[in-house]
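Put chain B on the given structure of chain A with help from the hints.
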Amino acid sequence: MPSPAEFAPLRAPLSHPGWQLWPGLLLAAAFVALAGLGLGSLLSAAEELNPSSVLGSRYLRGVVAFTLWQAGLSVLLSLALALAVARALARHPHFPGRTLLLRLMELSLVLPTIVAVSGIISVYGRQGWFTGLLEHVAPGHSWNLYGLNGIVLAHVFFNAPLAGRIMLQALESLPEPRLRMASQLGLRGWWLWRAVEWPALKPVLPGLSALVFTLCFTSFAIIMTLGGGPSSTTLEVAIYQALRFEFDFAQAALLAIIQLLICGSLWLVVFRSRLDSTLLPNRRFAFSAPLKTWPGLALANALLLGIFALFLLAPLAAIVVRGLPALWPVHSLPPVYQQLLPATGRSLLIALPAGAGAVILALLTLAASQKAQGPLTRTLPSVTGYLPLVVPPLVLGTGLFILLRPSLGNSAQGWVLVSVINGLMAVPFVLQVLRGPLNNQDKSTLQQADQLGILGWYRWRWLYWPRLRRPVALALAYGVALSLGDFGVIALFGSPGEPTLPMLLYQQLGSYQVANAAGTGLWLLLCLLAIFTTLTRVSRPAPRPRGQPQMLAGAEPDHA
Amino acid sequence: MLDVRQLQFRYSGPTPAWEFNLSVTAGECLAIRGASGSGKSTLLGLIAGFLQPQRGEILWQGHPIHTLKPWQRPVTSVFQEHNLFEHLDVFTNIGLGLHPGLQLSDLQKQAIDQALTRTGLSGFGRRRPGELSGGQRQRVALIRAILRRQPLLLLDEPMTGLDPDTRTELHRMLLEEKAHGVAMLLASHDPEDSKILADRHWNL
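Residue numbers (full-length UniProt numbering), protein chains in the order written: chain A, 1 to 560; chain B, 1 to 204.
FYI, nobody ran anything at the bench for these hints, they're computed from the structure.
Hints may be right or wrong, so weigh each one.
[What the hints assert, rightly or not] Below are the DSSO-like pairs computed for lysine-lysine, each with C-alpha atoms no more than 27 Å apart in a straight line:
hint, chain 1, residue 1, chain 2, residue 2
1, B, K195, B, K178
2, B, K69, A, K371
3, A, K443, B, K69
Just chain A, same shape as in the assembly:
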């Protein structure tokens, strides 16, 4: 009989535990260092200025107050609408068009802000459909999209669907017995809320509110396009103006610090209470039981969901209807393509590396967090998931802008920086897609793999990759899409002469080239569509030989 040494299996490549730990740890550390560098340069720049003089300024106090006010209002309205929609959707698990509506609600996550804004202007702007209708119904109305109206409207357009999906997920993951009991007891109204719905929603609400607040608080493109004047300026826009037009770095730094303090303390509260915040809706199988209803509830819900669908669809329809003539070649290729194609190239040059980088960073930090032992090394990888939310992109960008200002010679360097920051900003969302499939390997699978010596590279190849190829593709699509639609960091570093697609769209909106703007918006949407379909196609498992049924297909989440 051989001695134990002879049973030592073939060493798998990269099987040393260090390979799982160090790359992720180092990347996470580099990320934290980069953020620290940005913040440090902000602090040192802000030193030149006396904080009290800025805080004493009426203009800046107004900016802070307005930022808080619009964000608070947006959160309230978004969550209220989301709650109503989620309850209606949970109550009616089967109706024609439900899946389509859910898809539409997921779209808001990847829809570039600037595109949606151009659609919103087409509907609610001066020449918009809605405004025209309103003129008919109530002549002499005082509706004006620009200002608080437009900002809150756009924020609700973006965040209500996102919040609605997450709330729906919470409602759908109700424990089966509780729902059965509620059904049998005939609970409805207040008691259904008290006994069933509120306990399900309570855990997700703080994280969700913080997320929506952060997104509204730091939104940039919406304020830039719909703000319409100094009275409705937010911190983010004020930072941008201080940097790009007034060259007042100290003031920009101070504003960025104020923004950081507010966002940071908000997330600190969320972390303190150890609340798990979900950023992305997951699809899962829901159990549903018939619940007692009020007469007319179904009708009211149908009305609500119909209006909500219209609310989401109208801007998209406007982009398609108004954009198509600008893009469609009637006699020859329209001249818009001369600007569109180079801008597409630039956008992809930034977005593809950003998306890929975000996926790699997310995978490596997740791997490291599985392996990490010490209390510090354990938290470091998960920090990367939240740091981009606490430190908004423009704040990080501002810090690095100030730091690198003298040496930032050509635009290529600026683009690298934009790509890096965009990639980092996508990490929280990418992490959310990958975390589940990566961490949910069951115990028996892991034990088998251990016994068979499937370690290192082999473990990735045979255990993780088969399950992760679709989530990875989806995460990559999210990462690329977020970066492709970015109009924030690029505004800071990019040059107007060489615009990316969102920048081009912004320029066209600003110079009232409505038709071209719609064309660019539609083009950007088509690019996103192409990215999502390509990546989901490529990641689909190869067709099984001999036409055998694919039993697992149903168990995998059927993502867009």
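Chain B only, in chain A's frame:
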């Protein structure tokens, strides 16, 4: 020869500690009896290295193996269920037992095909475990265990819930392995399994 000496283990929380002492020689099958919760699976988990003992030692041919990682130990486990990677096909599942990166020689590929044919699973190589019956899955698990050629088999209720024909087939495969000198530890509720396979009994 496997020697388990004063092996102590306790789960966290207010649970009693177990102590195990036993030995099995090559070509012998030791049946472990005991009610559920009496520590049968715990013992097999400790020997496989899935659990870490608080004290004591496990020796194989006189060498301590309780300090080794699961993949370094000369054992193969077969459980009642979940023995296979659900997302990989049958051939890959068996092949990963021969090489953890599926780098198989032609000889090894032939061996897998032959083993499948011999157990009536010819042509099932490209199917996933989810498309197989419980008995077929268990046969695949046993083929993998046998082809790995490890000298110690840890069987944790491997026959529970299977139909009589499949059980007979699995008994035949296991007896053949025993004749080749493989040592076995069998945890089973079923008296028939122990009667056919076991040389000795040990009550927990």
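> Does K443(A) pair with K69(B) here, judged by a C-alpha cut-off of 27 Å?
Replying inline: Answer holds: K443(A) to K69(B) is near 16 Å, not above 27 Å.
>> Checking one constraint from the list: CA of K69(B) to CA of K371(A), max 27 Å. Satisfied?
In response: Given that 27 Å is the threshold and the Cα spacing comes to 16 Å, the pair holds.
>> For a C-alpha distance cap of 27 Å, please report whether K195(B) and K178(B) respect it.
In response: Holds: K195(B) and K178(B) sit about 14 Å apart, inside 27 Å.
When the structure is compared with the earlier hints, no violation turns up for any of them.
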